[in-house]
Structure formats: structure tokens, C-alpha cells
Amino acid sequence: MGKKIKIVKILFVLAVVSLFFYLFKGAKEVFYFSDVVSPYFSLGFLIISALLLGLVANELGLPSLTGYLIAGMIFGPQIFNFVSQKDLKTLELINSIALSFIAISAGGELKLESLKRNAKPITVITVVQSILILLGVFIAVYPFVRFGVYIKGLNPQSALFFALFLGVIAVAKSPASTIAIINEYKARGTFTDIVLGITMIKDVVVLLMFSIAFAFAENAITGVEISPKFFLSIFSHILISGFMGIIFGFLMIVFFKFVAKEIGIFIVLASFISYKFASIVGLENMFMCMVAGFVVQNFSKQGSVLIDAIEGSHLPVYVIFFSIAGAGLDFSSLKSYWAAVLFFVIIRLFLIYGTTYLGAVISNTIESVKKYAWTGFITNAGLTLSMVILIEKDFPDFGSLLKAIVISVIAVNQIIGPILFKIGIEKSGEATISD
Amino acid sequence: MISEILIVSAVILSYFGIGFVFRKNKMSPFLGLEFFLIGLLFSLLKVNKNNFIPLLPPFLSAFGLLMGMQVKFADLKALGKDFYKNVLVYSLSVFVAFFIVFSFFFPYQDASVLGAVFALVSYKVMATFIPDRKKEDREKLFFSAFVPFVCIVIYFFSAFLSFNPNIFKWFFVLFIAFSFLAKIIFSVFDDDMSLVLSVIGIVLFFSELAYIKGVSPFAVMFFVGVFLSNWCKKGDKLFEILLADEKQLYTIFLIFLGFVSGYDFNLSFLKITFVVFASVFLAKYVFFKIKKDIFFLYLSPGAFGVVLLADYWLITGHEEGSLLFSSAITVIIVLQVMSMIFLKRIYGKKD
Numbered sequence: 000m001g002k003k004i005k006i007v008k009i010l011f012v013l014a015v016v017s018l019f020f021y022l023f024k025g026a027k028e029v030f031y032f033s034d035v036v037s038p039y040f041s042l043g044f045l046i047i048s049a050l051l052l053g054l055v056a057n058e059l060g061l062p063s064l065t066g067y068l069i070a071g072m073i074f075g076p077q078i079f080n081f082v083s084q085k086d087l088k089t090l091e092l093i094n095s096i097a098l099s100f101i102a103i104s105a106g107g108e109l110k111l112e113s114l115k116r117n118a119k120p121i122t123v124i125t126v127v128q129s130i131l132i133l134l135g136v137f138i139a140v141y142p143f144v145r146f147g148v149y150i151k152g153l154n155p156q157s158a159l160f161f162a163l164f165l166g167v168i169a170v171a172k173s174p175a176s177t178i179a180i181i182n183e184y185k186a187r188g189t190f191t192d193i194v195l196g197i198t199m200i201k202d203v204v205v206l207l208m209f210s211i212a213f214a215f216a217e218n219a220i221t222g223v224e225i226s227p228k229f230f231l232s233i234f235s236h237i238l239i240s241g242f243m244g245i246i247f248g249f250l251m252i253v254f255f256k257f258v259a260k261e262i263g264i265f266i267v268l269a270s271f272i273s274y275k276f277a278s279i280v281g282l283e284n285m286f287m288c289m290v291a292g293f294v295v296q297n298f299s300k301q302g303s304v305l306i307d308a309i310e311g312s313h314l315p316v317y318v319i320f321f322s323i324a325g326a327g328l329d330f331s332s333l334k335s336y337w338a339a340v341l342f343f344v345i346i347r348l349f350l351i352y353g354t355t356y357l358g359a360v361i362s363n364t365i366e367s368v369k370k371y372a373w374t375g376f377i378t379n380a381g382l383t384l385s386m387v388i389l390i391e392k393d394f395p396d397f398g399s400l401l402k403a404i405v406i407s408v409i410a411v412n413q414i415i416g417p418i419l420f421k422i423g424i425e426k427s428g429e430a431t432i433s434d
Numbered sequence: 000m001i002s003e004i005l006i007v008s009a010v011i012l013s014y015f016g017i018g019f020v021f022r023k024n025k026m027s028p029f030l031g032l033e034f035f036l037i038g039l040l041f042s043l044l045k046v047n048k049n050n051f052i053p054l055l056p057p058f059l060s061a062f063g064l065l066m067g068m069q070v071k072f073a074d075l076k077a078l079g080k081d082f083y084k085n086v087l088v089y090s091l092s093v094f095v096a097f098f099i100v101f102s103f104f105f106p107y108q109d110a111s112v113l114g115a116v117f118a119l120v121s122y123k124v125m126a127t128f129i130p131d132r133k134k135e136d137r138e139k140l141f142f143s144a145f146v147p148f149v150c151i152v153i154y155f156f157s158a159f160l161s162f163n164p165n166i167f168k169w170f171f172v173l174f175i176a177f178s179f180l181a182k183i184i185f186s187v188f189d190d191d192m193s194l195v196l197s198v199i200g201i202v203l204f205f206s207e208l209a210y211i212k213g214v215s216p217f218a219v220m221f222f223v224g225v226f227l228s229n230w231c232k233k234g235d236k237l238f239e240i241l242l243a244d245e246k247q248l249y250t251i252f253l254i255f256l257g258f259v260s261g262y263d264f265n266l267s268f269l270k271i272t273f274v275v276f277a278s279v280f281l282a283k284y285v286f287f288k289i290k291k292d293i294f295f296l297y298l299s300p301g302a303f304g305v306v307l308l309a310d311y312w313l314i315t316g317h318e319e320g321s322l323l324f325s326s327a328i329t330v331i332i333v334l335q336v337m338s339m340i341f342l343k344r345i346y347g348k349k350d
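Chains as they are written, first to last, in numbering that gives the first Met the number 0: chain V, 0 to 434; chain B, 0 to 350.
Quick caveat, the hints were computed from the structure, so don't treat them as lab data.
Take these hints with a grain of salt, some might be off.
[Stated by the list, open to error] Computed spacing ranges between beta-carbons, pair by pair:
id: 1; chain 1: B; residue 1: I175; chain 2: V; residue 2: N80; range: 54 to 62 Å
id: 2; chain 1: B; residue 1: D263; chain 2: V; residue 2: S399; range: 47 to 55 Å
id: 3; chain 1: V; residue 1: S303; chain 2: B; residue 2: Q247; range: 55 to 63 Å
id: 4; chain 1: V; residue 1: I279; chain 2: B; residue 2: E245; range: 31 to 39 Å
Here the structure is a predicted model, which means the values were calculated and not measured.
For glycine and all other residues, C-beta sits at the position ideal for the given N, C-alpha and C.
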């Protein structure tokens, strides 16, 4: 079947399924069991539409996850509202479980041996990126907000922290799409190891940077004192998350060793427990799960068991996670702040490219990392969103504006990031599956 | 929040642990129904169970689809007239006997559904003991594999006994729409993983829709399964996919069902349980005494009986601690344990 005919056929099926869904969802009728109208109804539709658009994306030479995200965006609250905000709220739990699963998978892909081998480029690129992107964004944004060009009405202090927070946010990235693309194209090699290593470490670095910036902002704006205790609490927070990740990893090893059945189901259930536990205790779930996956891979003989199980069940997780993530993307502010969003996206892209190249040159690593590793650091999602929510809550005078811009930036980066990284992986020659 | 962690941790422990304990001690009288009992223990936790109700329709739909996909018209032609006669004589006569007795105690619709459920014969119980080498053994296995389909049809008509034109209309609308949609959706996907996921999507989408329209998710998907099995090119592949996860689906379903349904132990419960148990035991005993066969082989409706009961419970209001539902499930569990213990004595240690 020709490519065009196949795409037309898939889109026809999507149109029929959507029409059917619309007829039922749209009709304002009383359901027989109105007490329990379930979000799984919308989730079922979302899975089918995401799968169909994932196929279309593949046919067009794009990664499947771009299709999943677009399905979420089209059928989410922003356009057709087939999956409403209320549904998304209920599906949040499933999404968080999927994210934990992805984090375990990311940790499981990292091998200590390759980390040791690539320690220099990973460290240098992470340091260079973190410092220079923060500085670069600050220098580029601060004059605009300070002197009221385009963004008006911020006092000098707010302008300063607005630019500073934007700098920290520019450093952040989403591990989920990176690991999804690596899995989809079954990428293996030095390039992949370095990108993965930086992805894992960057989460912690961004968390530290954000906590410090936040403390200074609180001190300057609301007068909260900065004490050594505060910094101690940040470090202990990360350390405890890591420690719990180690315990969680060893528990998984025990299961793999002594029970060793239904591993896919077990990982999903374990992801749920980890997510719930982290939210109750207030730990970093992503980091905890990454460490757990890392422990299983590197401190037991069960690493291959974990990876095999994950490879066997990653498609459902990715389809559900990215389609829900797509539905949750809010690009309504794009209309009002498109120039600011575009400016930030371009500046960030430029800085990511430049700093990754510089870091790679300094650490004298392989050519493909110099040229293409930057493509792996573009998408940002969960962590970025959590940061802007906190900023909005504590600094409402500039927080809501920052949130409006950053949410649109996330939407744009979620679309372009995976496509660029797919190209990067292919150009690096480490993709074992091609279109 | 902590109770949610406890529930899932307990599910993990029971899911992975109980099988291990049972295997180690060479005891399998429950054949999976122990997971229902585990769920019942969780139901003692003070958690809002209404949020878990929407998890049941997808499971029921999956079982309906799986059963429906086993009906291949081409294969049915190969079975002889005597076989059909045997199955029909058993199913209808036992069903009618049950219906007459139960209708003294329950409304006609409930009596009819109970009749259909207890006319079932568990293939799993029989397959645990009977070797399939001899011709008569194979015939028995075939018989127990075929009876459920007749019972599903009886159940289908029983569920519609109190005729509700609105639900009846929706049943046919949804059946036609689901069959058509499923066929065109599956036609697009080729690789196994996409097919698995599209099955998940379809089961979630269709089951919830059927459920909120008041239509039995099991029944509608059973007929969709029959349609796909006979008129969809990927029917065999889809059947393989569903069959591969059957055991896990049953396990998780039984845990959830026990958790959301709950029990209400009181005198009425004991009375109903006794009536149902005595009727089923006596009717099956008499029938197989006349047929000169070991009636313990045919005594238990198995986990599939629980599925039909759950479907009926769901579409008739899913009241927590429903007397009829609790009593019927208790009888199924008792029959299962009895038949397994006695068959083990008769046939030795095959399990």
C-alpha cells in the first residue's frame, strides 16, 4: 500500500472513531449510571487516536511520540475537548505511574561502566550547559524586562528574578521524551550513553539551582531569611530521595530474583507505590525511580530482566503518557505572548547548541556528541511545570506572566524536541531501527 | 493516601505470593477464586469504593470478547448432532430445574440469571483432572468447553427478561457500532504491540460506553467477539493476544471484584446461600446420577460463573454487599472447593 493511501486510510479511521465518540460524548444526555461517569471512556478513545496518529507520524518520518502528543493536543481541552480537564485530573494518577515507569526505565538504561567511561564529557557538558544557559538567558532576557520592552510593569527586583527563573527553567529538560526516543529507535552507543547520563544528572542540578534561586527570591521579595539550614534541607531532600531509590532498587532486585514472573505488571504496580510514597513523604519521585532502575541495572544480575520487561511494555506506557501529556499542554497564551515565546525558544535552542558543543570540545569527546547531542536536551515538561507553579504561587506579581509564557514554551518544545532528537540519533549512527 | 499504598502493596503480595504458597503446599482447590477472597479482605478497608467500580467493565468486556472470539461458525459445523443434543439437553434441563426452584425465592430475572450461572460447568476443573487421551475424556472436555456458550445465550436473554426498550435499543446500536469500529480499527494495525494496545483502547472505550448506557459490557462484547472471530482477518491474532493475558486478567479482576462488592454476613445471607447451594447440588447430582457420570466433574461453575454474576450485579445497580450476589459467589467457591477435593481423591495427584 502506498504511503499516501495508508495515511488517508488511517485518517479516515480516525475521523470515523472521532465522530462516533463525538456523537456520544457531545450528546447532553443523562447516562444510565450517572454516578460514575468514568474517565477510562475518554482514555480508551485517546489511546486509539494516539496510536493512529503515531502511525501517521511514522509514515511521515517523525517519531511516534509526536503523533501521541498531537493526538492529545487535538482531542484535549484546548481544541475538541473530547478529553476534558476533569478527565485529565482523574487520569493524573495514571500519568504519574507512567512517568515513574519511564524514570525506572531511564535508570535501567544507564550502565555504570559506560558512565565511568564517559564521566568526563557528562560532567563537563552538564556544568557548561547549566552555567552558560542560565547566564545566557539571564543576559538576553533581563534588559527586556528591566526596561519594559515588550514585557512591561515589572519592578527592578521582579524583573531580576523573572530573568533568573527563566534562566533556570531553560536549563531543565524532560527525561521522558529522551528515553522514549532512545527506546523507539533502540539507540545504543557512546552518544546515547552521554545524552542519558547528562539527562539523569541534570534533573538533580536543576533542582538545586531552582531551590537556591527560589531562596534568594524569597529573601529579596518577601524578606524570608536564608539560613544554612535551608541549604542543608535541599541536600538532605535529594540525598534521601537517592537513598530511598537505592532501597527501592534493592527491593526490585529481590522480586526479580525470587518471584520473577509478571515483571511488567510488577513494575507498573511498583511505579504506583513509588509515586504515592514520594508524594506522601515529599521526595523526588523521578530521581528516586531513576536511582532504583540504575541500582537494578548495575548492582545485580537482573538488569537484563528489567530492560526486557520494560521493552515489552513500553509502548502502552508511552502512548498513555504522551497522549495525556499532549492533552495537558496549554498553548492558549501563545496568542498573547507569541513573540516572547518564540524569542525564548530560539535563545534556548541557540544556547543549548552552543554550550553542548563547547562542553563536548572541552572534554574532547566523539564528533557525533559535538554535533548532535544538543538535540537531546530540548524538550521540557513535568519538572519545568512544577517550578512555574511554585513561582506563580509565591511570586504572583510576575509568576503568572512567567507561567503563561513557559507553558507555551513547553508546548512548542514538546513538539520540536522529539523530532530534532530523532534526527540527532539517526545522524549519530546509533539508531538500530530506522523509518 | 496510605490506604491506597496498603491496598496496592497487599495486591502485589497476594498476586505474587499466594500462588507461590499454594503451589508449594500442593493445594489448588480454589483454582484462582482465592484472589476473590483476598479482595474481600481489602473491602474491609474504609475506602470510597465507588471510584473503583469503573474498573470492572473493561475486565468484563475483555472476558466477553475472549469468549466471543472462540465462536467460529466454520468449526461449529464439524461437531456432530449428538454432541449438540447432549449439550442442549444438559444446559436446558438443568437451567429449567434451577429456574423453577429459584423462582420460588427470587424475582424471575434473578432466578433466570442464577439458573444460567449454575448450569455452567468449569472447563478448568475438569481439565485439571481428566487426561485427554481417551475418546470419552475428550468428549467430556469438549462438553465442558461448550456448555458456557449455551449458558451465555441463556444469560443474555435472562438479563433482558425485565424488558427495558431503551437498553434493548442501545444494545443493538452499540453492538453494530462496536463491531464496525473494531473491524476498521484493527485493519490499520499490523504489529503485535499495536494490536495489543488497540485491544486495550477498544476494551476501555467500548466497555465504559456500554456500561454508562446500562448495557451489559460482557454481553455486548461477546457478540462483538463473535463478529470479529468470523468476519475480521486478524481474528486469530486478536484471540491469541487476549488468551495470553487471560490468567492475569482473571486474577486482577477477582481481587478488584472482591474489594468493591463486599459481603454482608447475616441470617438472610446464610438462608439464600443454603437454598442456592442445596438446589444446585441436588439438581446436578440427580442429572449425572441418571447419566451415570461423576457429578463432581460438573459441579462447579468456576471463575467464569463469577464473571457472569459480576456482570449482572454491575448492570443491576452494583449495590455493595448485595445478598444475592454474595450468596451466589459463596456457593460457587464452596462448590469449587468441594469438587476439587473430591476429584483429587478420585483421580489422584494430577494437579
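Now for the hints, and whether the structure bears them out:
Under the hint 54 to 62 Å, the C-beta atoms of B/I175 and V/N80, about 27 Å apart, miss the expected range. Distance hint check for B/D263 and V/S399: the Cβ-Cβ separation is about 52 Å, which falls inside the suggested range of 47 to 55 Å. Checked against the given bound of 55 to 63 Å, the beta carbons of V/S303 and B/Q247, roughly 22 Å apart, lie outside it. Checked against the hint of 31 to 39 Å, the C-beta distance between V/I279 and B/E245 comes to roughly 35 Å, which is consistent with it.
Taken one by one, the earlier hints fail for this structure at numbers 1, 3, listed in ascending order.
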